[in-house]
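**Student:** Going down the list, the protein sequences come from chains F and X. The first sequence: position 77 = 66 (my numbering), numbered continuously. Counting from 1 along the second sequence, just add 1 to a position and that's the residue number in my numbering.
A partial selection of chain X residues facing chain F, derived with a Cβ cut-off under 8 Å:
| hint | residue |
| --- | --- |
| 1 | 297 |
| 2 | 300 |
| 3 | 306 |
| 4 | 318 |
| 5 | 386 |
| 6 | 387 |
Over 10 Å on every C-beta distance to chain F, these chain X residues come out as not near it, computed from the model:
| hint | residue |
| --- | --- |
| 7 | 15 |
| 8 | 59 |
| 9 | 145 |
| 10 | 472 |
For the record, the hints were derived by calculation from the structure and aren't laboratory data. The beta carbon of each residue, even a glycine, is placed where N, CA and C say it ideally should be.
Spelled out from the first residue to the last, the chains are:
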Amino acid sequence: MNLQNYPVALALRGVSKRFDRPAVDALDLTVYGGEFYALVGPNGAGKTTTLRMVVGLLRPDTGSICIEGIDALSNPVAAKQVTAWLSDEPMIYDKLTPYEYLEFVAGLWRIEPAAAEARARELIGWLGLEPHAHERCEGFSKGMRQKVALAGALVHDPKLIILDEPLTGLDAGTARQVKDVLRERVRAGGTVIMTTHILEVAERMADRIGVIAGGRLIAEGTLDDLRRQTGKTATSLEDTFLTLVAEQVVAA
Amino acid sequence: MSQPASLTWLAGHEIRLGWRDWASLMTAGGRTRGRNATIALVVFAAFMHVFAYWTVANYADANLASDTAALVGITGTLALSCSLLLSQAMESVTRAFYSRSDLDLILTSPASARKVFAVRMGRIAAAAVVIAVLLAAPFINVLATLGGGRWLAAYGVVAAMGTVATAAALALTIALFRIVGAKRTRLIAQVVAAVIGAAFVIGLQIAAIFSAGSISRFAALQSDWMLSHAPDQGSVFWWPARAVLGDYVALGGVVAFGIGVLCASIALFSKRFGEHAVAAAGVSSTTVRQRRWSLRFRRRSPRRVLRHKEWTLLQRDAWLVSQTLMQVLYLIPPALLLWVTFGDRNTSYVVLIPVVVMAAGQLAGGLAWLSISGEDAPDLVATAPITSHSVLWAKVEAVIGMIALIFAPIVAMLTLDAVFAGLACGLGILSAAAAATVIQLCFRVQARRSQFRRRQTSSRLATFAEAFSSIAWAATTALAAAGTLAALGTAAIAFAILAGVWLISPSRT
Chain F
-10 MNLQNYPVAL ALRGVSKRFD RPAVDALDLT VYGGEFYALV GPNGAGKTTT LRMVVGLLRP
50 DTGSICIEGI DALSNPVAAK QVTAWLSDEP MIYDKLTPYE YLEFVAGLWR IEPAAAEARA
110 RELIGWLGLE PHAHERCEGF SKGMRQKVAL AGALVHDPKL IILDEPLTGL DAGTARQVKD
170 VLRERVRAGG TVIMTTHILE VAERMADRIG VIAGGRLIAE GTLDDLRRQT GKTATSLEDT
230 FLTLVAEQVV AA
Chain X
2 MSQPASLTWL AGHEIRLGWR DWASLMTAGG RTRGRNATIA LVVFAAFMHV FAYWTVANYA
62 DANLASDTAA LVGITGTLAL SCSLLLSQAM ESVTRAFYSR SDLDLILTSP ASARKVFAVR
122 MGRIAAAAVV IAVLLAAPFI NVLATLGGGR WLAAYGVVAA MGTVATAAAL ALTIALFRIV
182 GAKRTRLIAQ VVAAVIGAAF VIGLQIAAIF SAGSISRFAA LQSDWMLSHA PDQGSVFWWP
242 ARAVLGDYVA LGGVVAFGIG VLCASIALFS KRFGEHAVAA AGVSSTTVRQ RRWSLRFRRR
302 SPRRVLRHKE WTLLQRDAWL VSQTLMQVLY LIPPALLLWV TFGDRNTSYV VLIPVVVMAA
362 GQLAGGLAWL SISGEDAPDL VATAPITSHS VLWAKVEAVI GMIALIFAPI VAMLTLDAVF
422 AGLACGLGIL SAAAAATVIQ LCFRVQARRS QFRRRQTSSR LATFAEAFSS IAWAATTALA
482 AAGTLAALGT AAIAFAILAG VWLISPSRT
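Input sequences plus hints: build the corresponding full structure.
**Tutor:** Structure representation (structure tokens):
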């Protein structure tokens, strides 16, 4: 897969964000259309901060963010129109049903009611939510809430889906459903960027993996590319990841 | 040192948790705010003592024990305070049932659950006693300083009221569990608590309106009918009042009764408390099926979608509705006053309009917090393709729309009788509601709707500003309705409050 032939879905150039200390430090990152990109890194590496800047929840101190050719900092509304965000803590409304929640999200994204309804029915079916489609979310388990939130992220048919630890706390069956939906999304031409601590997931699902540490992208590529970078060709992603992060710590 | 899992050990644990809860309530979790909170408490205590001096200083030296009117007045005041304490204690008992924080740990430990819950009930009683004593202290201190140590006996009566209120709250809540079950008890107990808290005040006001044409609750207590139907002076009924006046035999009886009732209710209910807490823990997993908004998705603008969401969430949250019930209940007496004194426009409107405007301001403050700060899916709304300006406008519209809906009948009724007063009232309601919403905008935080009860502690400045703003708009509206130019002065104060809020608001700095 020669990525250079694909359009750029997300481009970050020199993006920095500082809280008490630098969280993201002059980060350059490019993700191509139709790609499944996994961002991995130790706790506090800057993964979530990076993604929250991309979706407009944080404003970078410096740098530029371009989503599907739209400058997300100068034209955030247009950038948000083609983007979806899903965090590890599903934020849904306890007093709405999944069906109502999807209608609400579709309304916020100004989706044609007929198209949104068809899409909502399709997603509810895919995610096995039909028996609960008209029950209030207040009694739902974490996995069901995450499925509702995922359906909300997909109901407006975004070109770029950004997920922060979407599989945390999910049982095997629910995790499989979420992964299947994301794969399907990529097959249909969408772009998925996901942070995860579960390295096996990144290894199996991602076209490319970015390793971030200390707010900087320290390595990027396919699993083989990363292995080559460490000089150990037969190791797992876990070993490769630990070697890369350890090298970064020594270098810092 | 006490044995682990013994009653004293568990009591020590509860006291530590209670103290930390209280400290967190006072400082809103910020360590640096401790000093400010202490200064604020000292200033508040000083203010309350001045207020108490102004209110009760004249009675300090009076010999009231043989005065039936005085006994009726003191007993009525005690009953009023007790109803408020009972309301507070019911809230605490209900919260203890439905809070799952350490239930799993308690029930899976080898410690006696009955002992743990007995101590927890004791903690609720202790909190009620402390609140009662703190609120009564300025009045008792002033009376004792001016009239002698005999007034200190009132502390015993107030403490006994706290224990009796807790015992009654335990009995009422457990009775509700048995009658309506764990699923409905939470809501009904909170509604009952709100009604009890307001019922006595409102009842006295209604009695006063019908008997004396006045909204003052003391008018009913001092009426000829009340005095002629009061029990004999030697009756046990007057013991709490006599104890307040320094009768130590009566004090001993009242304190013994308070302790006895509390101990009996703890002994009686501690086992059931655990059983009901377990039942309550299962409530959150129950399923509520919802009728669909419509058969199909509807075309709406994002702002309309947001407004509709706010209204739907509030309408479906019976707990939040019950939280606002108290404010609406207080509208009943002024509405009745309007009805009773319909012909006497000038006096009734002067009393009615500020009460309605004040209630609108307070209600709008709560709704604005829910809408603006209590957003359960902030990331979803923030990542939607609409400007933050549009989101805020939609939320403001939701609040003002709801206030308009609630208060429209009162304004319409007023306008039918007196157009100018009605219009002034409507304008005052909208102004007070808009001002409260602006204050919430200035002090907005990110919180969950379930944290509504603690909204006052997240910013005491916002709470005070909201209260003073509502008072200023209430005064402005009453003066405007009366046709005096003094309304301009109070309106200027209301705008000055808003300007001050804007200058110090965290969202600006």
